[in-house]
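2 protein chains.
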Amino acid sequence: MEIKVLKNVMMKNNAIGGDNRWRLKQSKVFSLNMVSSPGAGKTTLLKHTLGRLTRNHKVAVIEGDLYTSKDALALEQFDIPLIQINTEGGCHLDARMISTAMDNIDLESTEILFIENVGNLVCPASFDLGEDKMVLLYPITEGDDKPSKYATMFQKADLVIINKVDIAPYLNVSPEKAAEEVRKINPDCEILTLSATKMETLDGWFEWIEKEFSLKSQE
Amino acid sequence: MEIKVLKNVMMKNNAIGGDNRWRLKQSKVFSLNMVSSPGAGKTTLLKHTLGRLTRNHKVAVIEGDLYTSKDALALEQFDIPLIQINTEGGCHLDARMISTAMDNIDLESTEILFIENVGNLVCPASFDLGEDKMVLLYPITEGDDKPSKYATMFQKADLVIINKVDIAPYLNVSPEKAAEEVRKINPDCEILTLSATKMETLDGWFEWIEKEFSLKSQE
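Residue numbers (our numbering), protein chains in the order written: chain A, 273 to 491; chain B, 273 to 491.
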């Protein structure tokens with residue numbers, strides 16, 4: 273009984289996710305679902321990313337959070353469409369939330385849409401939002417053994433960003449080992465290593481976005 | 273419909289949690305539910321804690337993890353009852369899992385039971401396992417603004433341990449600010465500040481366990 277209901281919920285989510293994907297494709301919007309544990313650096317990375325990308329791209333952001341608008345407030349300096357979703361304790365964003373948020377964004381005037389998911393390394397893996405790419409931030413401060421422990425999320429990621437590597441020397445961890453562990457779980461994803469607080473380490477990330485945006489535009 | 277089923281599931285969980293609590297009380301076992309984000313240091317703290325407590329207490333451990341036995345293997349040096357629960361992707365431990373695990377532990381020969389939950393700062397908050405105390409590990413490496421963002425978990429915690437404070441000088445974070453943020457969400461919980469990797473910072477934690485174990489024994 274419980275499993276049956278859960279299946280229905282998931283099928284419905286995935287159907288709406290499919291609708292979202294179609295709408296985004298029609299409007300030629302490149303979309304990214306940013307996932308991670310709490311405090312992994314999603315908002316910090318997004319802040320630096322908007323500073324760079326808004327120079328020559330039309331960007332919109334959907335912020336997911338359990339209760340607060342802290343992450344949206346951290347981005348309010350940017351003159352872009354910015355939608356805050358509060359899940360009221362819910363552990364993930366779902367496709368319907370994104371559909372409703374998209375109703376409030378002029379997709380025709382948007383090139384790149386960032387969706388910052390709830391900080392949770394388990395549940396968001398099961399909910400397709402209709403995004404083009406899932407980007408997983410993995411801070412090395414969590415230890416270099418996490419991929420096999422949270423395998424579902426790592427398997428679904430298109431890009432894994434090993435973050436906070438400037439802190440690695442002060443911890444008993446290795447970004448290289450972390451990358452190897454990611455590879456064991458997901459041999460096909462791309463991997464970047466950076467520190468979201470250090471602008472000079474973000475070139476690879478910006479290049480990845482431009483490459484993927486360009487590929488999407490040619491579809 | 274969906275909400276109704278969820279309520280039933282929660283009621284059933286809480287009923288079994290109540291049974292667990294009764295069994296633990298009958299056997300005079302002091303039990304702790306250790307919760308946190310991924311990579312917060314639960315296993316590291318547990319390892320050092322077992323090294324100390326097994327000298328003069330009979331300790332048992334239930335390890336929760338999505339897929340692997342890594343955390344249990346990290347503790348295999350200790351000659352204690354150690355049960356690994358794999359949730360197979362599930363985002364939290366529930367009371368039935370703990371009930372089954374307890375069937376495999378001689379509770380009459382146990383004084384202190386540690387339950388290490390799945391690394392997730394959202395979902396475990398909703399599932400009473402029957403434990404005496406919920407202990408939340410909050411690594412300062414996640415930033416000092418997390419309590420209001422993950423309020424449900426912080427509200428339920430009896431003890432919040434601000435961990436990895438030895439790394440704070442290398443980050444733009446303040447353990448004092450983190451403690452203030454915890455207080456705003458949960459004025460009644462106790463707060464400890466330590467580094468789970470540094471044995472010399474753990475005295476307050478050991479004293480807290482002894483105090484609570486002693487109080488439980490007098491019930």
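Hint data in this document are derived by calculation from the structure and do not stem from the laboratory.
A portion of the hints provided could be inaccurate.
One copy or any two copies: either way a pair holds, since identical chains are not told apart in the list.
Simulated crosslink set (DSSO-like; lysine-lysine; CA at most 30 Å straight-line) [claimed, not checked]:
| no. | residue 1 | residue 2 |
| --- | --- | --- |
| 1 | K319 | K449 |
| 2 | K342 | K428 |
| 3 | K449 | K470 |
| 4 | K449 | K330 |
| 5 | K449 | K297 |
| 6 | K405 | K297 |
| 7 | K284 | K449 |
| 8 | K330 | K297 |
| 9 | K297 | K483 |
| 10 | K456 | K330 |
| 11 | K483 | K405 |
Predicted model only: the values in this text are computed from it and were never measured.
Up to 30 Å CA-CA - K297 versus K330, copy category: within (16 Å within a copy, 60 Å between copies)
Alpha-carbon proximity between K456 and K330, which holds within one copy, between copies, both or neither at 30 Å: Classified as neither; 36 Å inside a copy, 38 Å across copies.
Within, between, both or neither: K405, K297 at alpha-carbon 30 Å: within (13 Å within a copy, 50 Å between copies)
Homo-oligomer pair classification [K428, K342; C-alpha up to 30 Å]: Answer is both; intra-copy 27 Å and inter-copy 22 Å each pass.
Alpha-carbon proximity context of K449 and K297, limit 30 Å: Close neither inside one copy (37 Å) nor across copies (44 Å); limit 30 Å.
Intra- versus inter-copy proximity for K470 and K449 (alpha-carbon distance at most 30 Å): For K449 and K470, the Cα distance is within 30 Å both inside one copy (22 Å) and across copies (23 Å).
Intra- versus inter-subunit Cα pairing at 30 Å for K284 with K449: neither (39 Å within a copy, 42 Å between copies)
Copy assignment of K319 with K449, given that the CA separation must stay at most 30 Å: both (28 Å within a copy, 22 Å between copies)
Within, between, both or neither: K449, K330 at alpha-carbon 30 Å: This pair counts as neither: shortest intra-copy Cα distance 37 Å, inter-copy 36 Å.
Within, between, both or neither, where K483 and K405 count as close if Cα-Cα is 30 Å or less: within (12 Å within a copy, 50 Å between copies)
K297 and K483: within-copy, between-copy, both or neither at 30 Å Cα: within (17 Å within a copy, 60 Å between copies)
Hints 4, 5, 7, 10, counting from the list given before, are not met by this structure.
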